[in-house]
Amino acid sequence: MSTEPRPRPASLCAGSRRDFLAQFGAGFTSLALSGMLEADGFFARPEVAASLGSDPMRVKPPHRPAKAKACIFLFMYGGPSQMDLFDYKPELNRRHGQTASLEQRRRDVKPGTLLGSKRTFRQCGKSGLWCSDVLPHLSGHMDKLAVIKSLYADSFAHGSAMIQMNSGRVLQGWPSMGSWMSYGLGSANVNLPGYVVMLDPRGGPISGAANWSSGFMPAAYQGTVFRASGNPILNLDPADGAPPGIQRDTITTLNHLNAGHMASRPGFSELQARIASYELAFQLQRSAPDALDLSQESAATLESYGVNQSRPDDHPLALGPAPFGRQCLIARRLVERGVRFIQIYHGGGHQQQNWDAHNGVEENLRIHGPEIDQPIAALLADLEQRGLLDSTLIVWGGEFGRQAVSQGGNGGRDHNPKGFTYWLAGGGVRGGTSYGETDELGHEAAVDRHHVRDLHATLLHLMGLDPLKLTYFYGGLDQKLTGVIEPEVIRGILA
Amino acid sequence: MDFPSTLIRSRPPARESRPGVPGGGRRGGVLGILQRAWPGRLDRSHGILRCVLGLLALWQGPSSIGVAAEVPGSAAQAPASGDWWAFRPLSRPEVPRVADPRGRHPIDAFILEALSEKALSPAPEASPRELLRRLHADLVGLPPTPDEIAAFERDPSPEAWSRRVDALLASPRYGERWGRHWLDVVRFAQSNGYERDGEKLEAWRYRDYVIRAFNEDKPYDRFLREQIAGDQLAAGLVDRDGRSGAAWRDAVVATGFLRLGVHDDEPDDKVLAEYDELDDIVGTTGAAFLGMTVACARCHDHKFDPIPQHDYYALLALFRPLHVGVGGGPGLDSPLFAPLASAAEVDAWKAGRERERRELEARREATADEAARKELSRRIEGLQKAVPPFEWALAARERGGPAPEVRILSRGNPRSPGAEVKPGFLKAAGGGEFAAAGAQGSPAAGRRLALADWIASPSNPLTARVLVNRVWHHHFGRGLVRTTTDFGRVGGLPSHPGLLDWLAGEFLRQGWSMKALHRLILTSATWKQSSRVPDAAAAGADPGNDLLWRQNLRRLDAEALRDTLLSISGSLNLEAGGRGFFPALSGEVLAGGSRPGTDWQVSGPGERARRSVYAYIRRTSMVPMFEAFDYSNATSPLAERPVTTVAPQALMLLNDAFVQDQAAALARRVREEPVAPAESSGAAPGSPQAFPDEARWLRRAWTLATGRFPEAGESASVAAFFARQVDVWSGLGHRMSFRPDVPDTLSVPYFNALPAERFLVPPGPEWEAHKGLWPREYEGNRALEAGRGPFALRRGLDLGDGELSFGLVPQVGCSQVGLLLRASVRPREPAESALEVVFEPREGRVSVRHTTPRSATRLAAREGVALDGEGLRVRLRLDGGRLVVRLGEGADPVLETALPPGIPPTGALGVRAWGSGVGLDRLHWTPAGGTPRALWPERPRDWARHRALESACLLMLNLNEVAYVD
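Each protein sequence line maps, in turn, to chains A and B.
For the first sequence, the positions run 226 to 720 when our numbering is used.
For the second sequence, the positions run 394 to 1359 when our numbering is used.
Rather than coming from a laboratory, the hints here were simulated on the basis of the structure.
Each hint should be verified, as a subset may be incorrect.
Unchecked claim - What follows is a list of derived Cβ distance ranges for each label pair: (1) ALA1284/B x PRO541/A: 39 to 47 Å; (2) ALA1254/B x GLN323/A: 53 to 61 Å; (3) PRO541/A x GLY638/B: 56 to 64 Å; (4) ASP518/A x ALA1284/B: 27 to 35 Å; (5) PRO1148/B x GLN323/A: 51 to 59 Å; (6) ARG330/A x ARG902/B: 56 to 64 Å; (7) GLY638/B x ARG330/A: 42 to 50 Å; (8) GLN348/A x GLY721/B: 49 to 57 Å; (9) ARG716/A x GLY721/B: 42 to 50 Å; (10) VAL1287/B x PRO541/A: 33 to 41 Å; (11) VAL1287/B x PRO469/A: 44 to 52 Å.
Fair warning: this is a prediction, and the values are worked out from it, not measured in the lab.
Note that beta-carbon positions come from the ideal geometry of N, C-alpha and C, so glycine has one too.
Chain A with its partners taken away, still in its complex shape (with noise of 0.2 Å):
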């Protein structure tokens, strides 16, 4: 980065990303004052505050003025049709039941059945996006949103596609885009992680936790798993069940008897930020469940959000718009508490489970359009009436899209990344863009094409970052974000 002296790596003769990680202060971020210590003045002597000054979390500038200060990143897992929900293809539609020749996997032309979209399609608002009946409540809000209609990637199967999505490689091993925005503008929150990452009920997406992962950046990057339900984060609480106070006089002691280590330990500023990070784990106790607690919200919002809903009992897999508009909703309490990226999975496990519709497209949307619809439509009135959909990014898409002709005896679709939609929405894009195109047949990215990396560099840009200047060394490389290729960033949807 070059808004600042940048965190040298290790390979540079002064300080080196060793040293650099040696100082880090306290974890998820900057420090929490409490306990005995804090009554010590510890925290106040001007070599502890110094050490505690270096947290990999603390918050940097970006490298412009942005006015998205936090992302939320909607990942439809399995990737959803784009012609049965916001690419209308009447061509397509016309040619139902015709034969096209299609890529259908990499290089693997073949013949197939077009499938047009039992859809009913309707010009929304006053910019007059289309949009599906499959996500009424979502179809009033479209003049928030810029559709992006031309996307495309490099993979045709699930796990490659979504190490793409995430890290901008088909290759595991690379940092996620919430590791990049965590590393590039560290974290405006005190008690919280600053990238938190939500799973759909039914399951984690294909490949785990690779999808969150740091890469070669420290774990301190990585996406923490926040449940929306129970425990929110890994070992908050103690397995064996021992009350609160046990753990208050556990770290009170512990850090007495470490502050006395430490003395006659001089120098050494990692045995302070160890001490500091017990506190910052005894914050953490207190200020995860908090973000969970609804029961600070209005019946009226929780109502809005479809929290309440029962699951219905048209469809096994159905769950309806109940988790995800919890998640939601708690995605809102965390942009309010400064967490700066949030990813909620919706779809999980395999096949219907999420939006991978090989097994039939119209029983997928019955399945998921319900759960998203109402959460998001509220999410982003919410965001609005609050005033904070100004300065939060939402993010709508999946791995990749649908094909156009069909699969299967049920009308199912197959992976298609040669064109999809995504759409953005909130600070810095311009609500009510439709941009791009795909052929008439929605098959393959065709006016105003852009890449995967297009995306990520549009989505850094909106909060603030430089795709060329976000770079982290590893392996005798200024590695970025975006990869090798210079990206270009999509104007077309900027405010």
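With chain A fixed as given, assemble chain B onto it according to the hints.
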């Protein structure tokens, strides 16, 4: 994939000036390069000559290869191939003569010389206790016992020191520690990564081989030759009778090195995926053995080092004969697995099979019985498909025949092939054309062996330097070159170039012996320096301690920390080798996978107490205990782990079940072990009788944790903590806790393997755990019926009419607590039938329902009840066909309902919890007309003291003094 014509960007934006960093320094161009290469030596008189040489080098490098023209700007930026320190032959520096008597050891002489230039002096020797702890941490990753420390403190002589060093180097624990360092460098893991993340069968043999190699002090040149080309060495290693002995097997298993990379079994582009796997091999080989970022030259000439793209593909050509991008299981024709049997043994097996086949065929000819003929045909067919009963290694397998040609790929794109490249080595490091048998067109065999020989040559300037620097790194927390896998221009310069070369030379003179190198370093005063020196002058002049005016304070890495906890608690299981054990994964962690728990197994407590190096490593299910403490990323070479300090580490060490188990084990250990004489006659004399039990326990636990007796103030703090804890726990003796620990979806095999007690951890053996109702199976997963999660039934209690009472203590995150009344679980039924009183603290709801294995019917509900307090009193009365629920002290029922038909007159008591755990205080059952019966376990008189001791032990395991080594 899309490769637009926009080419690789030139150097990133300017940054602050740093010597040795191309593009980073203010001084660019040749002078800059030379100055970086020759720090401090480039004075003006030398300058012109150097400039000329440099320009010549600049000129030669990139233009000597065909593709340079395709990479605009590269010629201007390409580095000089010539005079970079790391490519120069090893010098044979004189050991400096220093006046200081402390400079008798050659290492110390080099260090003192550099210190004296800055007018600094080295720190005094650390205390014997610190030295021994440091030695153990360095060599074996386990702490010394208090007895070992005491013995060394009695005799800290140099001879005693050498004996300790030798003893630890001879311990099998040494290979487990140092082998793990190597596994980081070679991106070791036991699965492929990506969607299915399938197991790399037999990969564990490679891990065991590495450990064995370190323990046997296998000469490093041999070690590396085996990994790169063991299969090609093996022919010379068979026993005299042609059998595959240990040396032969090791050589074959070692080539697993080439197979450890991520493997996408569903690649988007098969050809590209092959090159990705070859890139992984080339890149890892360059990083591990040569300390060069070779992979940077895949798409273009290396930006900073003299590695033209041509050299990358020349290296790649050496590996091209390998099968890559392939899967499948063991078999004689497998592209991935080799039988651990020599050619002679395989031939013998084949001959046996042939004999058997002929016999069977003869019998088939001889019989007229159609059924018998069919059976024999079936057996013959089976014989042909049979996988031989050998052990197998994940190993190098070549395609055979002439190797596919290799061409320079423009920007790494296999669909843009350029000029053909012959196999070869890095020219910058003295490697020339490849002349051995195996040049293009001729048989491919021998290419890797030639590469291995070139790397293992004493004249290779990189190999020995890189290795001794790695060893130095792990003894001091950093290398003489800090970037241990990057000796190129972007990497650091050696802080002590003379010492580095002297060590490398000595390493060669000692026959590439790592143990000799350890001895050399560990007997130096430099290594033995104290880290605890308040030397303000030195701290000012050299704040980063580059000159080593003291030893560095170091935090234990993930494995050493976990192993140390096991060692302190006395639970450590030293069983070595094999596929490995599976650390317990909590529900939160399992939830992240698309098939939660798939390919994970359930290891028993003994297995789970094994050393960390034997933990199964699955790329998409990394163990949080390791990950939190900066474990290897297990995907790409990582030679210097970052050291972060973050709050999740504290949560881990305070709250994780594994750490709590260690605290409990340590508490048991100090309570139960016989009172050692040393304890009564140690630094603080007194007979056992003089110490109350508690004081002795605490003192002993402290001593085990830190290796020293507590000081008076420390004893007082711990004793006061203990006393407070006794008070707290005394008030909790009547509490039982129930804790669920699974997500709501599990892969079917894991669901079946995980015992019910891991679904819901019950408070004691008198409770029988059940998994709950998981009716749906889809795509290999089983999903929980919401609200019907795991529960536990109380053994030996039959509820008829009467009253159940308790205090309700839901933990944070607890979403549902159910009290199951008159419950029953019939054999072969998936779940219970019961009358259940359900508490939902988050919703503030109490309800009553009737559950059966197929249904749940709500009978009554009450909203708006505050349930999340500490110990709300609950009374549930079963009386003549009615259930009455009362909360708090009030007499008015909160709920009242008639029992529906189907509720039996008697049945079991059960407890269900979901979301997080629940505590039940003073659970009583009072049968109608009877006396109250307490249902919490009989706590022994000392229970609160024992729990308090566990709390104190947990505290001690968290001490900074445990995690850091002076």
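Distance restraint evaluation - VAL1287/B, PRO541/A, Cβ atoms, bounds 33 to 41 Å: holds (34 Å)
Range hint compliance [Cβ, VAL1287/B to PRO469/A, 44 to 52 Å]: Once the Cβ atoms are compared, 27 Å apart, the range 44 to 52 Å for PRO469/A and VAL1287/B is violated.
Range hint compliance [Cβ, PRO541/A to GLY638/B, 56 to 64 Å]: Given a distance of about 59 Å, which is inside 56 to 64 Å, the answer is holds.
Pairwise beta carbon distance, ALA1284/B to PRO541/A, judged against the given window 39 to 47 Å: holds (45 Å)
Hint check for ALA1284/B and ASP518/A - Cβ pair distance inside 27 to 35 Å: holds (32 Å)
Supplied distance hint 42 to 50 Å, evaluated on CB atoms of GLY638/B and ARG330/A: holds (48 Å)
C-beta pair ALA1254/B, GLN323/A: status relative to the range 53 to 61 Å that was hinted: holds (56 Å)
Outcome for the supplied range 51 to 59 Å, where the beta carbon pair is PRO1148/B and GLN323/A: holds (56 Å)
Verdict for GLN348/A, GLY721/B (Cβ pair) under range 49 to 57 Å: holds (53 Å)
ARG330/A versus ARG902/B beta-carbon gap, inside 56 to 64 Å or not: Holds, since ARG330/A and ARG902/B (Cβ atoms, about 58 Å apart) stay within the stated range.
Hint check for GLY721/B and ARG716/A - Cβ pair distance inside 42 to 50 Å: holds (48 Å)
Checked against the numbered hints above, the structure violates only hint 11.
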